[in-house]
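Now for the letters of each chain:
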Amino acid sequence: MAVIAPSGAPAAPTPTRTGSTPSVSQPRAWVGWLFIAPNLIGVLLFTLVPLVSVVLLSFTEWNLVSGFGGIDFVGLENFVDVFQDPAFWNSVVLTLVYAGVSVPLTTILGMALGLALNRDVPGRAALRAIFFVPYIVSVVAIGMTWLMLMNPSAGLINQVLGALGLQDAPAWFASSYWALPALIVIAVWSGVGYAAVIYLSALQDAPTQLYEAADLDGAGAWTKFRVITWPSLVPTTVFLLVTLFIGASQGFGLIALITAGGPGDSTTTLPFYMYQTGFQFYRFGYASAIGMVTFLGVLALTLVTWRAQRGRALHD
Amino acid sequence: MIGRGRARTPTRRQFLAGCAGIASAGVLGGCGSGSGATPPNRLNVWGGVPPGSGPAALVEAFTAAHPGTEVSYTRFVNDDRGNLKLDTALQGGVDIDVYFTYQTKQLALRAESRMMLDVTDRLAGDAELAPYLDRRNPTALWDGDRVRALATVAEPWFVLFNEAARERAGTPLPTRWTVPEFEQVAREIRSDGVFGTYEVPRTARIALGPDYWFTPEGGSNLADPRFVEWLELGQRAIRDGVAYPWTEVLARHLDAYQQNGFVAGEFATWVTPPFSLRYLHDEENYPHDFRVAAAPLPTTADGTGWDQGQYNNFIMINPRSPRQDLAWEFVRFWVTEGARHMAKGGKIPALGNVPQEEVLASLLGPEPDRWFDVDSFRRVLFDEPAQLYVDSNLTAYAEIDLALSQQQDLCWIGERSPADAMAAVAARATAAIDRNRKAA
Numbered sequence: 001m002a003v004i005a006p007s008g009a010p011a012a013p014t015p016t017r018t019g020s021t022p023s024v025s026q027p028r029a030w031v032g033w034l035f036i037a038p039n040l041i042g043v044l045l046f047t048l049v050p051l052v053s054v055v056l057l058s059f060t061e062w063n064l065v066s067g068f069g070g071i072d073f074v075g076l077e078n079f080v081d082v083f084q085d086p087a088f089w090n091s092v093v094l095t096l097v098y099a100g101v102s103v104p105l106t107t108i109l110g111m112a113l114g115l116a117l118n119r120d121v122p123g124r125a126a127l128r129a130i131f132f133v134p135y136i137v138s139v140v141a142i143g144m145t146w147l148m149l150m151n152p153s154a155g156l157i158n159q160v161l162g163a164l165g166l167q168d169a170p171a172w173f174a175s176s177y178w179a180l181p182a183l184i185v186i187a188v189w190s191g192v193g194y195a196a197v198i199y200l201s202a203l204q205d206a207p208t209q210l211y212e213a214a215d216l217d218g219a220g221a222w223t224k225f226r227v228i229t230w231p232s233l234v235p236t237t238v239f240l241l242v243t244l245f246i247g248a249s250q251g252f253g254l255i256a257l258i259t260a261g262g263p264g265d266s267t268t269t270l271p272f273y274m275y276q277t278g279f280q281f282y283r284f285g286y287a288s289a290i291g292m293v294t295f296l297g298v299l300a301l302t303l304v305t306w307r308a309q310r311g312r313a314l315h316d
Numbered sequence: 001m002i003g004r005g006r007a008r009t010p011t012r013r014q015f016l017a018g019c020a021g022i023a024s025a026g027v028l029g030g031c032g033s034g035s036g037a038t039p040p041n042r043l044n045v046w047g048g049v050p051p052g053s054g055p056a057a058l059v060e061a062f063t064a065a066h067p068g069t070e071v072s073y074t075r076f077v078n079d080d081r082g083n084l085k086l087d088t089a090l091q092g093g094v095d096i097d098v099y100f101t102y103q104t105k106q107l108a109l110r111a112e113s114r115m116m117l118d119v120t121d122r123l124a125g126d127a128e129l130a131p132y133l134d135r136r137n138p139t140a141l142w143d144g145d146r147v148r149a150l151a152t153v154a155e156p157w158f159v160l161f162n163e164a165a166r167e168r169a170g171t172p173l174p175t176r177w178t179v180p181e182f183e184q185v186a187r188e189i190r191s192d193g194v195f196g197t198y199e200v201p202r203t204a205r206i207a208l209g210p211d212y213w214f215t216p217e218g219g220s221n222l223a224d225p226r227f228v229e230w231l232e233l234g235q236r237a238i239r240d241g242v243a244y245p246w247t248e249v250l251a252r253h254l255d256a257y258q259q260n261g262f263v264a265g266e267f268a269t270w271v272t273p274p275f276s277l278r279y280l281h282d283e284e285n286y287p288h289d290f291r292v293a294a295a296p297l298p299t300t301a302d303g304t305g306w307d308q309g310q311y312n313n314f315i316m317i318n319p320r321s322p323r324q325d326l327a328w329e330f331v332r333f334w335v336t337e338g339a340r341h342m343a344k345g346g347k348i349p350a351l352g353n354v355p356q357e358e359v360l361a362s363l364l365g366p367e368p369d370r371w372f373d374v375d376s377f378r379r380v381l382f383d384e385p386a387q388l389y390v391d392s393n394l395t396a397y398a399e400i401d402l403a404l405s406q407q408q409d410l411c412w413i414g415e416r417s418p419a420d421a422m423a424a425v426a427a428r429a430t431a432a433i434d435r436n437r438k439a440a
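Chains A and B are the protein sequences, given in the same order. For the first sequence, position 206 (counting from the first letter as 1) is numbered 206 according to full-length UniProt numbering, and the numbering increases by one without interruption. For the second sequence, position 53 (counting from the first letter as 1) is numbered 53 according to full-length UniProt numbering, and the numbering increases by one without interruption.
If we strip away everything but chain B, and leave its shape as in the complex, we get (with noise of 0.2 Å):
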C-alpha cells in the first residue's frame, strides 16, 4: 500500500527532484541561440564601439527615418575573448544581420569563411556609394572581383607631441620630416625621466604600404632589408635611452595602456591612430597639464609616406540573414547619412563625407584649444591627408602577426639582433603561406 500511495502523491523529494530537472533544462535551452524569431523588421547588428559612443545616436536617426523598424544593437569587446564570441555566434545561427570587423586577422578569417555578403551589385548603381568600387584607392575589403565588407573609417596615424616637452626643448613642431628627422627629434627632445618617443613608427609600413608582409606573387616578403631596418631603430633608440624600455612595456603590460605613459609626462612624442585622442580631453580619467600637437608621420628617406593605419571598421551583412535588404538599408546609412553620428565618437568617416571642422571637434572635444593645438590637427588630417589603404592579401595573417610581434619584442629587450629576429618571421611566415596555399 505505501508504494501504491507514493505513486499517486508525489513526495516532497521527488517533487524538488522534478522541479530540479525542470529547471536545468530551461537553464540549458537557455544555452541555444537565444534568438527566437525575430520580426522581419527587426534588425540585430552587432559592433564593439558602446552604444554611447555613436551607435545609439545612429540606431535612433535610423529607426526615424525608417518608421516600423527596430535595430537592436549588441556590442561585443574587440578582444580575442570578444571576437570568438561574435564568431561562434555566426556559426552557431544566432540572428545577426549586420556586423563589424576591426582586427585584420579576424577580417582575415571571416573572408576566408565567406561570413560576408556579396554587396558588389547592390553598390554598382549607388554613386554616393562609388568610392567603394575604386580599386586604385580601396576602401572596401575586395574577394576576387567582388566587395565583401565597406571600411566606414579612415585611422590615419600621426605623431602626438607634449608641447611642454617640445617647447623646453626648443624643437620646432615637424609639418614634413624623415624617419632620421624623427629620430633626431626624438633624441633632442627627452630629458631627465622623459624619453623622446614610446616606439618608433613602423618604417617598413611606410616605406612598403598596403600588403607589406607580401611580394606581388604572394609570397613572404619578409625578407625585405626595411623590416630589419626597422627593428635596428628600434633597438637602438631603446638602447641610447630614446625610446621607452621595452622591458617596461612587457614588464608592465603597457602596450594597451600607452596613453596613461603619455599623460604621465613618461615619453614626450608618441605615435598613435586619432582614437587615442579621446583620454587627452578627458580630464577626470587622464589628468595631465600639457597642450599636445600633431605632426604626421615621418617619411622614408627618399620621401615615401605610406600611412601605418589604413581604413577600417568594417562593416559587413551575415549571408544568413534573412532581411538581407533592411541589413543593406542599415548599412548604407551608416556610411553615409550615419556617419555623423560615429564621427562624434572620435570616427573619422571613411568616405569624408562629414564636414572636417565638424570631424576636428568631434575629435578634439568640448575643450580644445586648451588641450591641442587645433591647427597642427587640421594640418595633420585634412591638409596634408595620409595616403591610406586597405590590406588585400590577409594570407595566415593571424599567425605572421603574432610571429613579428614575438621577434619585435625580443629584438627590442635585446636578446636577439635584428636580422636573426627578421630571419626568424620570415621562415614561419613562408611556412605558414605555403601550408594556406596547400589547404587552399
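Only chain A is shown next, with the shape it has when bound in the complex (with noise of 0.2 Å):
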C-alpha cells in the first residue's frame, strides 16, 4: 500500500531520469545509509570479513609472515588433523569441565541471589549494584585481585585457611589440579550478580494472580517455587544457560592474564588453544579450524538447549 501524504502536502511529482527530483517511496535513501556508514563498515571490516576469513582460511595453511602469496590449499587436512589432536581433545575436555561447571553454578546461585534481591530487603537497590559491580569491572583488575588472594604463600584466602588449621593449602593458579577450579571460582564470582540482575527482571513480570490463588490455596513457599516461579523462570534460564555458555566457550581474558594456559596445559581451554595455535605458532590455518569445529560444537548446543526448554515455559 502507498504512504499517505501528511494532509495538506501537495501530490508528489513524479520522478524524472535526471534525478533532480527524489522518490517518495525512497526519498533520498543515501543519506539512511550514510548515517549506518560508520557502524556498516566497521561491521563489515572488523566482523564480516574476519569471519569470511576465517571460514576460507580452515581450509588452507597459512603463517601471516609468509603473506597472502604463501597461502596454500590443504582441503579438510587441517579438520582431519583436528580431529587426530590429543592437545585439541584436552582443551575440548577443560572447556567442557569449564564451562560445565561455572555456568549451572553461576546460574544457580544468580536465581538464588535473584529471589533473596527480589524480597523487600533493606538496602535492596543497593545490594543490586553491589553485587552487579564484579561483571562490569575490567577483566585486568579482577585478574590481578585474585592472583593477590590466591597467591600459595601470602595470598589471604590461603592465609585464612591456614588459621582455620588447613596444613596443605592449595596452591590455585600454580598447581595443574587447582587452577582451573580457581578459574572456575572467579567466573562464578563475575558472573552471579548479572545472572541475579536477569532473574530479577524476568521475577517482576511472573503472574501475581497465580501466586494469589496459591495462597489462597494453602500453598508454601516450595510449592509455589516448584509450581509457579520456576516455570515461569525457565525461558530466563534456558537465555542464561546459552550466553553464558557461549561466553564461557570463549573465555580468553582471564585465562591469558593469570595461567596463560598453565601449568602445563590444564588451563588451555579451546580459545586459548586457539591463540597458541595461530599467535604462537602462527598456524593460521590450523586455528581457525579449530574455531569452526569451536563455533559448530557450541551451535550445536545451544540448538539441543533451545530445544529440550520448548514448551516448559509457564505462560499467562
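A couple of the hints might just be wrong.
[Unchecked claim] Pairwise CB distance ranges, derived in the manner of DEER restraints:
| hint | chain 1 | residue 1 | chain 2 | residue 2 | range |
| --- | --- | --- | --- | --- | --- |
| 1 | A | 168 | B | 368 | 45 to 51 Å |
| 2 | A | 166 | B | 256 | 51 to 57 Å |
| 3 | B | 80 | A | 297 | 24 to 30 Å |
| 4 | A | 208 | B | 414 | 55 to 61 Å |
| 5 | B | 188 | A | 165 | 32 to 38 Å |
| 6 | B | 188 | A | 297 | 54 to 60 Å |
| 7 | B | 188 | A | 252 | 33 to 39 Å |
| 8 | A | 32 | B | 80 | 41 to 47 Å |
| 9 | A | 68 | B | 181 | 53 to 59 Å |
| 10 | A | 48 | B | 144 | 40 to 46 Å |
| 11 | A | 72 | B | 423 | 28 to 34 Å |
| 12 | A | 68 | B | 175 | 54 to 60 Å |
[Said to hold, decoys possible] With the Cβ distance kept under 10 Å, some of the chain B side facing chain A (calculated, not the full set):
| hint | residue |
| --- | --- |
| 13 | 87 |
| 14 | 88 |
| 15 | 91 |
| 16 | 92 |
| 17 | 104 |
| 18 | 105 |
| 19 | 109 |
| 20 | 112 |
| 21 | 398 |
| 22 | 402 |
| 23 | 405 |
| 24 | 428 |
| 25 | 432 |
| 26 | 439 |
In case anyone wonders, no lab produced these hints; they're calculated from the structure. Positions of the beta carbon are idealized from the N, C-alpha and C atoms, including for glycine.
Take the two lone chains and join them into the complex the hints point to.
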C-alpha cells in the first residue's frame, strides 16, 4: 500500500530521469546509508570479513608472515588433523569442565540471589548494584586481584585456610589440579551478579494472580516456587545457560592474564589453544579450523538446549 | 515543494550524516599502511630497543656520516604482541627496510617465510664483516649456504653472586666450576629466608651446545638423558629449599621480574644474561645495599662448557625494501662503527669491535666499583669468554619451546617426574618435527 502523504502536502511529483526530483518511496536513501555508514563499515571490516576469512582459512595452511602468496589450499586436512590432535581434545575436555561447572553454578547462585533480592530487604537497590559490580569490572583488575588473593604463600585465602587449620592449602594457579577450579571460582563470582539481575527482571513478570490463588489454596513456599516461579523462569534460565555457555566457551582474558594456559596445559581451553596455535605457532589455517569446529559444537549445544526447553515455560 | 527544497539545501541532519561518513572513511583509510610514499633517502627501521638506549645515538651518527639520509626508527615491544605487530606490518606491506628479531621462535618463522634478504654476496667482499661468513663459529643465521640475518650482540650468561650473602657464607667466588659444584655452592650460600639460587643452569644446553633439541639427522634429541638430568637437578634444588620455589615463580609471574627477587635478597645467586646488569646499578628503581660479583657458567662434570646464551639481536633487511643498498649501508654501520652506541645500552657487540673496557664501563654503569666486583666481570666476559653459537635448526621451534616450558613447570612444582615430563616433550617434539617435514 502506498504511503499516505501528510494532510495538506502537495501530491508527489513524478520522478524524472535526471534525478532532480526525489522518489517518494525512497526519499534520499543515501542519507540513511550515510547515517549507518560508520557502523556498517565497522561491522563489515571487523566482523564480516574476519568471519569469512576464518571459514576460508580453515581450508588452508598459512603462517601470516609469508603473506597472502603463502596461502596453500589443503582441503579438509586441517579438520582431519584437528580430530586427531590430542591437545585439541584436551582443550575440549577442559572447556567442557570449565563451562559445565561454572555456567550451572552461576545460574543457580544467580537465581538464588535474584530471589533473595526480589524480596523486600533493606538496601535492596544498593545490594543489586554491589552484586552487579564484578560483571562490569575490567578483567585485568579481576585477574590481578584474584592472583593476589590466591597466592599460595601470602594470599589472603590461604592465610584464612591456614588459620582454620588446613595445613596443605591449594597452590591455586601454581597447581595443575587447582588452576581450573580457581578460574571457575572467579568466573562464577564475576557472573552471579549479572545472572541475578536478569532473574530479577524475569521475576517482575511472574504472574501475580497465580501466587494469590496459591495463597488461597494454602500452598507453601516450596510448592509456589516449584509450580509457579520455576516454570516462569524457564525461558530466562535457558537464555542464561545459552549465553553464559557461549561466553564460557569463548573465555580468554582471565586465562591469558593469570595462567597463560598452564601450569602445563591444565587451563588451555579451546579459545586459548586457538590463540596459541594462531598467534604463537602462526598456524592460522589450523587455528581457523579449530575455530570452525568450536563454532559448530557451540551451535549444536545451543540448538539442543533451545529445543529441550520448548513448551516448558509458564505462560499467562 | 518541500521535497525539492530539501534536495537543493542539505538539512542539518544530512550535513551531520555526510560528515560522519567522510570521517569514518578517513579513519578507516588510516588503518592502511600509513607509510605513504617514502623518499628514496629515508630508511624505516624497526627495533625492540628503546631509542634512548642506543639506537637514537646510532641513527644520529649514521645520518651524520651519510648526509642527505634520514632514518626513522620505530620501536616495537619485544613480546608476542609486539612481534605480531611487526609481522603484520611486514606482511601488510608497511614500508620497513631494516628490522630486528630477538626471539628464536620469531627468527624461525621469519626465516621460513623468507622475510630476510640474502646478504651473502654483500658480505663476501667485505673484510671487516668476514666473521659473519665463518661457519665454524657462526654469528649469522644461515639458510643453506646463504646468510640472511646478522647477529649484532653476544649474549653470554653468567652466575651473579650477592656478595653480602657469599661473604656471610664464607664461599670463595668460583672462577671455574662444574654443575655439581654449583649445586654445592648454592646449598652452602642459602640462609634463613634466602634461597641459594633462582633457577639452576640449563645443563642440557651446557652439555650439548648448539641445536641441542635436534639430532644431527634433524630428528628430536629431547630423549637425551641430559634433559632429564637437568629437570632432576632443578626439582631436587627446589625440593631441598636450595632454589626458589617454582610455585611462587608461577603464582607471582616472577619469570619476567627475576631482578626484583635478586635485589630484594630473596636468592643469593642468579643465572642471567648481561642485560640484567642494568637493574643492578639503577639505585632509584632497584634499591639494594650489596655488591654483585660474576662467576662463569658451570661446566659439566667432564668439563664441557657451552654457554646457555647465544649470539643474538639479529638485524635483517626486508626483501621488499626498495632501498636495499641504503639498508645494507645501515646494517653495516650498525654492526661496525655503530656498535659503540649500542654498547652503552648494555649490548656486547657480536664482532667484538668495541674496546673491552668501554663495553665493561657501559655494562656496569656510572659507579662500577660501588655496585660490582669489576674484576670478576672482566674475567668472565673477556679473559675467559664463553663458547657462544647460533642455532641453525629452528624446526617447530615455538611448539617445542612451549612444550618444554610447560613440562618444566609441571616438573618443578612437583606434579610430574622428570622422566615423564621429558617423555611428553619428546613425543610432542617428534610430532611437530614430523608435521613440519611433511609440510616441507
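We went through each hint and held it up to the structure:
Between residue 168/A and residue 368/B the Cβ separation comes to about 47 Å, which falls inside the hinted range of 45 to 51 Å. Look at residue 166/A against residue 256/B: about 31 Å separates their beta carbons, and that is not inside 51 to 57 Å. Roughly 27 Å separates the CB atoms of residue 80/B and residue 297/A, a value that falls within the hinted 24 to 30 Å. Checked against the given bound of 55 to 61 Å, the beta carbons of residue 208/A and residue 414/B, roughly 59 Å apart, stay inside it.
Between residue 188/B and residue 165/A the Cβ separation comes to about 36 Å, which falls inside the hinted range of 32 to 38 Å. The hint said 54 to 60 Å for the Cβ distance between residue 188/B and residue 297/A, and at roughly 56 Å that hint holds. Judged by the Cβ atoms, the range 33 to 39 Å given for residue 188/B and residue 252/A is violated: they are separated by roughly 46 Å. Distance hint check for residue 32/A and residue 80/B: the Cβ-Cβ separation is about 43 Å, which falls inside the suggested range of 41 to 47 Å.
About 55 Å separates the C-beta atoms of residue 68/A and residue 181/B, a value consistent with the hinted range of 53 to 59 Å. A hinted range of 40 to 46 Å for the beta carbons of residue 48/A and residue 144/B is consistent with their spacing of about 42 Å. Distance hint check for residue 72/A and residue 423/B: the Cβ-Cβ separation is about 33 Å, which falls inside the suggested range of 28 to 34 Å. Roughly 56 Å separates the CB atoms of residue 68/A and residue 175/B, a value that falls within the hinted 54 to 60 Å.
Interface hint at residue 87/B: satisfied, since its Cβ lies 5 Å from the closest Cβ of chain A, which is below the 10 Å cut-off. Annotation: interface hint on residue 88/B holds; nearest CB of chain A at approximately 7 Å, less than 10 Å. Annotation: interface hint on residue 91/B holds; nearest CB of chain A at approximately 5 Å, less than 10 Å. The beta carbon of residue 92/B is positioned within 10 Å of a beta carbon in chain A (closest approach about 9 Å), and the interface hint is therefore held.
Restraint check, residue 104/B versus chain A: the minimum CB separation of about 13 Å is more than 10 Å; hint violated. For residue 105/B, the shortest C-beta to C-beta distance to chain A is roughly 8 Å, which falls under 10 Å, so the interface hint holds. A cut of 10 Å between beta carbons decides the hint on residue 109/B: the least distance to chain A is about 5 Å, and the hint holds. With a least beta-carbon distance of about 7 Å to chain A, the hint placing residue 112/B at the interface is held under the 10 Å criterion.
At a threshold of 10 Å, the smallest CB-CB gap from residue 398/B to chain A is about 5 Å, leaving the interface hint in force. With 10 Å as the threshold, the beta carbon of residue 402/B comes within range of chain A, its nearest partner Cβ sitting at about 7 Å, so the hint holds. Restraint check, residue 405/B versus chain A: the minimum CB separation of about 8 Å is within 10 Å; hint holds. Evaluation of the residue 428/B hint against chain A yields a held restraint, the C-beta minimum of about 8 Å falling below 10 Å.
Nearest Cβ of chain A to the Cβ of residue 432/B: about 9 Å, under the 10 Å cut. The hint holds. Because the closest C-beta pair between residue 439/B and chain A is about 7 Å apart, less than 10 Å, the hint holds.
In summary, the structure is inconsistent with hints 2, 7, 17 from the numbered list given earlier, while agreeing with the others.
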